[in-house]
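Please build the complex by placing chain B on the supplied structure of chain W, with the hints as guidance.
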Amino acid sequence: MSRGRDPVVAPAVVLVWAAVLLFVLYPMSRLLALTFWDGGPTLEAVRGLLGDWTHRAALVNSLLLAILVGTAGTALGFAFALLAVRSNLPRWSERALDAVVLLPLISPPFTAAIALIFALGPRGLLSYHVFGLTNVNIYGLSGTLLSETLTYFPIAYLTLKAVLANIDATLEDSAFSLGARRWRVFATVTLPLATPGVANAFLLVSAASLADFATPLILAGTKFPVLPTQAFLQITGLYDMRGGAALCFLLLVPTLAIFAGQRRWLERRGGSFVTVTGKASAATRVKSLSPAAIVVLAAACGLVVALVLVCYLIIVAASLVRGLGADNSLSLAHYAHVFSGGLKAVRDTLFIAIVSMPVGGLFAVVLGFLVARTQFPGRRALEFAAMINYALPGTIVGIAYLVAFNDPPLALTGTAFILVVCYVFRYSLAGTRATTAVLAQIDPTIEEASASLGARRDVTFRRVVLPLVRPALLAGMTVLFIRAMTAISATIFLVSLDWSLVTVRILEGITNLELGQASAFSVLVILLVYLAVLVAGLAMRRLNAGSLGRAGTLLGG
Amino acid sequence: MILLATAFSVVLLLAGLATPALAQTVNVYTAWPESLSQPIFKAYTAKTGVQVNFIRLSTGELVARATGEKNNPRADVIWGAPGDGFAAAKEAGLLEPYRPPTWDRIPPELKDRDAYYTAVAKNTLIFMSNAKLLKEKNLKPPTSWMDLLDPAYKGQIQTADARTSGTALTRILSIYYALGKDEDKAVDYQKKLHRNVQVYTKSGGGCTIPAALGQTTVCIAHMPDAMEAKKKGYDMVVSFPREGVAAVIEGVALVKGARNREVATKFIDWTFSKDMQDLLDKNDVYMLPTLPDASIDAAVQSLMKEAKLLPVDLEWVGKNRKRLVERWVNEVIKE
Numbered sequence: 001m002s003r004g005r006d007p008v009v010a011p012a013v014v015l016v017w018a019a020v021l022l023f024v025l026y027p028m029s030r031l032l033a034l035t036f037w038d039g040g041p042t043l044e045a046v047r048g049l050l051g052d053w054t055h056r057a058a059l060v061n062s063l064l065l066a067i068l069v070g071t072a073g074t075a076l077g078f079a080f081a082l083l084a085v086r087s088n089l090p091r092w093s094e095r096a097l098d099a100v101v102l103l104p105l106i107s108p109p110f111t112a113a114i115a116l117i118f119a120l121g122p123r124g125l126l127s128y129h130v131f132g133l134t135n136v137n138i139y140g141l142s143g144t145l146l147s148e149t150l151t152y153f154p155i156a157y158l159t160l161k162a163v164l165a166n167i168d169a170t171l172e173d174s175a176f177s178l179g180a181r182r183w184r185v186f187a188t189v190t191l192p193l194a195t196p197g198v199a200n201a202f203l204l205v206s207a208a209s210l211a212d213f214a215t216p217l218i219l220a221g222t223k224f225p226v227l228p229t230q231a232f233l234q235i236t237g238l239y240d241m242r243g244g245a246a247l248c249f250l251l252l253v254p255t256l257a258i259f260a261g262q263r264r265w266l267e268r269r270g271g272s273f274v275t276v277t278g279k280a281s282a283a284t285r286v287k288s289l290s291p292a293a294i295v296v297l298a299a300a301c302g303l304v305v306a307l308v309l310v311c312y313l314i315i316v317a318a319s320l321v322r323g324l325g326a327d328n329s330l331s332l333a334h335y336a337h338v339f340s341g342g343l344k345a346v347r348d349t350l351f352i353a354i355v356s357m358p359v360g361g362l363f364a365v366v367l368g369f370l371v372a373r374t375q376f377p378g379r380r381a382l383e384f385a386a387m388i389n390y391a392l393p394g395t396i397v398g399i400a401y402l403v404a405f406n407d408p409p410l411a412l413t414g415t416a417f418i419l420v421v422c423y424v425f426r427y428s429l430a431g432t433r434a435t436t437a438v439l440a441q442i443d444p445t446i447e448e449a450s451a452s453l454g455a456r457r458d459v460t461f462r463r464v465v466l467p468l469v470r471p472a473l474l475a476g477m478t479v480l481f482i483r484a485m486t487a488i489s490a491t492i493f494l495v496s497l498d499w500s501l502v503t504v505r506i507l508e509g510i511t512n513l514e515l516g517q518a519s520a521f522s523v524l525v526i527l528l529v530y531l532a533v534l535v536a537g538l539a540m541r542r543l544n545a546g547s548l549g550r551a552g553t554l555l556g557g
Numbered sequence: 001m002i003l004l005a006t007a008f009s010v011v012l013l014l015a016g017l018a019t020p021a022l023a024q025t026v027n028v029y030t031a032w033p034e035s036l037s038q039p040i041f042k043a044y045t046a047k048t049g050v051q052v053n054f055i056r057l058s059t060g061e062l063v064a065r066a067t068g069e070k071n072n073p074r075a076d077v078i079w080g081a082p083g084d085g086f087a088a089a090k091e092a093g094l095l096e097p098y099r100p101p102t103w104d105r106i107p108p109e110l111k112d113r114d115a116y117y118t119a120v121a122k123n124t125l126i127f128m129s130n131a132k133l134l135k136e137k138n139l140k141p142p143t144s145w146m147d148l149l150d151p152a153y154k155g156q157i158q159t160a161d162a163r164t165s166g167t168a169l170t171r172i173l174s175i176y177y178a179l180g181k182d183e184d185k186a187v188d189y190q191k192k193l194h195r196n197v198q199v200y201t202k203s204g205g206g207c208t209i210p211a212a213l214g215q216t217t218v219c220i221a222h223m224p225d226a227m228e229a230k231k232k233g234y235d236m237v238v239s240f241p242r243e244g245v246a247a248v249i250e251g252v253a254l255v256k257g258a259r260n261r262e263v264a265t266k267f268i269d270w271t272f273s274k275d276m277q278d279l280l281d282k283n284d285v286y287m288l289p290t291l292p293d294a295s296i297d298a299a300v301q302s303l304m305k306e307a308k309l310l311p312v313d314l315e316w317v318g319k320n321r322k323r324l325v326e327r328w329v330n331e332v333i334k335e
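Taken in sequence, the protein lines are chains W and B.
Just so we're aligned: 77 in the numbering used here is position 77 of the first sequence, and the numbers increase by one with no gaps anywhere.
Just so we're aligned: 303 in the numbering used here is position 303 of the second sequence, and the numbers increase by one with no gaps anywhere.
Chain W extracted, bound-state conformation:
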């Protein structure tokens, strides 16, 4: 192969590097300068942080919370995955399970935490009105843990479901026929095969928890400070941008460690998580779970599903009554507001999400292709650099963009362009991962055949690679769409007089006693995202993309 001398790869590498330099490394360096440079190098910001007990506590708490949420979320996700693929459930109930489980993952931030307060708070629908408890404390570690687990366990579920589905049931069957009992088969066959998947799920859920600032903002209170929230408070409450940025860089250390760990796991497995095996396992009925175990599992998962449903029914209810708790008469006034005063935000958000999709999808696929299929100096560095915006808390990415792109010649603030760029470079990781995963399954000889027939690299890319990675492209684009519809932390600093976003309106509604409007906007966003996932799923089925067809699988990263 004459990869090094290819006339097309080199410009592609240069282009991608240029984009990453401009939209990832440049803003980051501006931020680093802001934090550690004051007429000369300074560690003033760090020194100030170490002196504050809340920051020290926040570092410990963040790690603790990440581990707890990772553990609980993975366990719950594993239970759901077992139920979905190892219990011979009827097809419709598996679909229903998928639909409900996706709910917390695709809803705008704050929504889940607020709904949980109304369900399980001191006067919550479940805690007080159903169970008569009067002194529930939802604030602090327990409430944050519960809310984040409910929000992020779907990541584990979707990851593990794919893994479990790919474990050939005939392997279990052989163990059975050798006389092993159910528990032994589970412990010695199923579990070991799923271990890499479990580790991956744990890391993904932990990373999501580590970066989450919306949930602790509402539920953690002062007794349980965590880093992303502290950074936010430092910047917006104490007007200390330097200290806040330093906190974010502190958070970057464990986050990048997690991503590095996750990458190693994936590599050891040869990236074959999403392998479409096509083995004839469907013929045998899985029997790795006893009927009793299935009943217990179904009951446990049923409870969780019920809790999730109650939370979201409260949101729907709040959107449909005049004033939840004060005037419970039905009214469409909140939706009327969404489609009059809020219409611009809806339109803007959709426009930005739809524009981000192809741009980000193409970027992800090209980057994934370069990383997986070509050799060039700095390949690893490029892959790493492209991940930074994803790994950093949104608040700081938003501020870095604001600082970097406010002055000529790069005065991009106030435009839709900056929002699109922000999403493209923050949320393309899923698409890149999907691309490398798909490419790992495609024999390079196919491309070599194209090359030996005289096709140039770009022709090969367009005619051979692009069609083959279409599922990854679609998955990446769907994730980008979902994120663009629901993200807020970075973009709160980038919305402008001309461009507003639905999530900003939701946050505003929640802080300004407009619960009904916030709920109506949330319901609309959830419906739109469901629609997108549905369309993507149908398209995937036409592409025969197998387990990759679930865009949600990639939501975690």
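Pairwise CB distance ranges, derived in the manner of DEER restraints:
| id | chain 1 | residue 1 | chain 2 | residue 2 | range |
| --- | --- | --- | --- | --- | --- |
| 1 | B | 319 | W | 50 | 20 to 30 Å |
| 2 | B | 152 | W | 60 | 30 to 40 Å |
| 3 | B | 51 | W | 410 | 25 to 35 Å |
| 4 | W | 60 | B | 319 | 30 to 40 Å |
| 5 | B | 107 | W | 333 | 33 to 43 Å |
| 6 | W | 339 | B | 278 | 28 to 38 Å |
| 7 | B | 49 | W | 463 | 55 to 65 Å |
| 8 | B | 137 | W | 300 | 28 to 38 Å |
| 9 | W | 377 | B | 24 | 51 to 61 Å |
| 10 | W | 331 | B | 137 | 25 to 35 Å |
Hints in this document: simulated from the structure, not taken from any laboratory.
For every residue, glycine included, the Cβ atom is placed at its ideal position computed from N, Cα and C.
Chain B only, in chain W's frame:
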């Protein structure tokens, strides 16, 4: 196909970059909810034809944003945000001093001495309680700071985190002035209050919905939060501590380097005219106007009869705010 779509998107974006130049506009950052600010801005547009573009941001986000944009400001006016944000903005060099024509009629405690910012209105701290829960617990609405220390309120008080909001600063100042300007006593009191606090919310009015829906009994917030809740039909009781409360100023300032400076100053002039000040009452903003002769909301006025408003020394606050918050973090909430 995908290449086409990408190309199309880029063209769309570039088209979006070229923003049409409007005749007369003023760009505003405000911390006031849209429901309060928009009617006032619309009134100005109706009167003058000048378009008021605005973004609503929380005070902290607003200052962070203005700081990031310092070299190329996007906003001309910061309009309606708690005073501490302006103190920070002044310190960061984001503002240009400006005196509206009615400057002399504005009481000194409502304006920055160097004219970097001026209050458009005064926002009073209140206690609001959920009437049903009070009755259930056989409690009267709290009428003293000391009432809140009653163990009956354990886990039944929500109020704002000192690191996030002007509301919290108003609360801390209220306690400081109510306890005779003795800082140690104020910190000591807050430590006791802390034992009864269920949670500190991250936005000033963040406890309004929980109190309205009975998740907590008492919410210490600002007047408009309570009045809005009452207007929405929630059964809330507003009360004041007899030792007194402070009021935060809601400031207005001209941004340094404003692109539409001339239009902006005219807008600020109008803000401090009687015309505009009367709108605060007419539009149910539930704050106290800056100009002494402006009309005051009847409901607010009758409530304010019960309130003892403590004078706040803006300069002292500017110098000591940081320490007050730090003491809150390091002494009050640290257990």
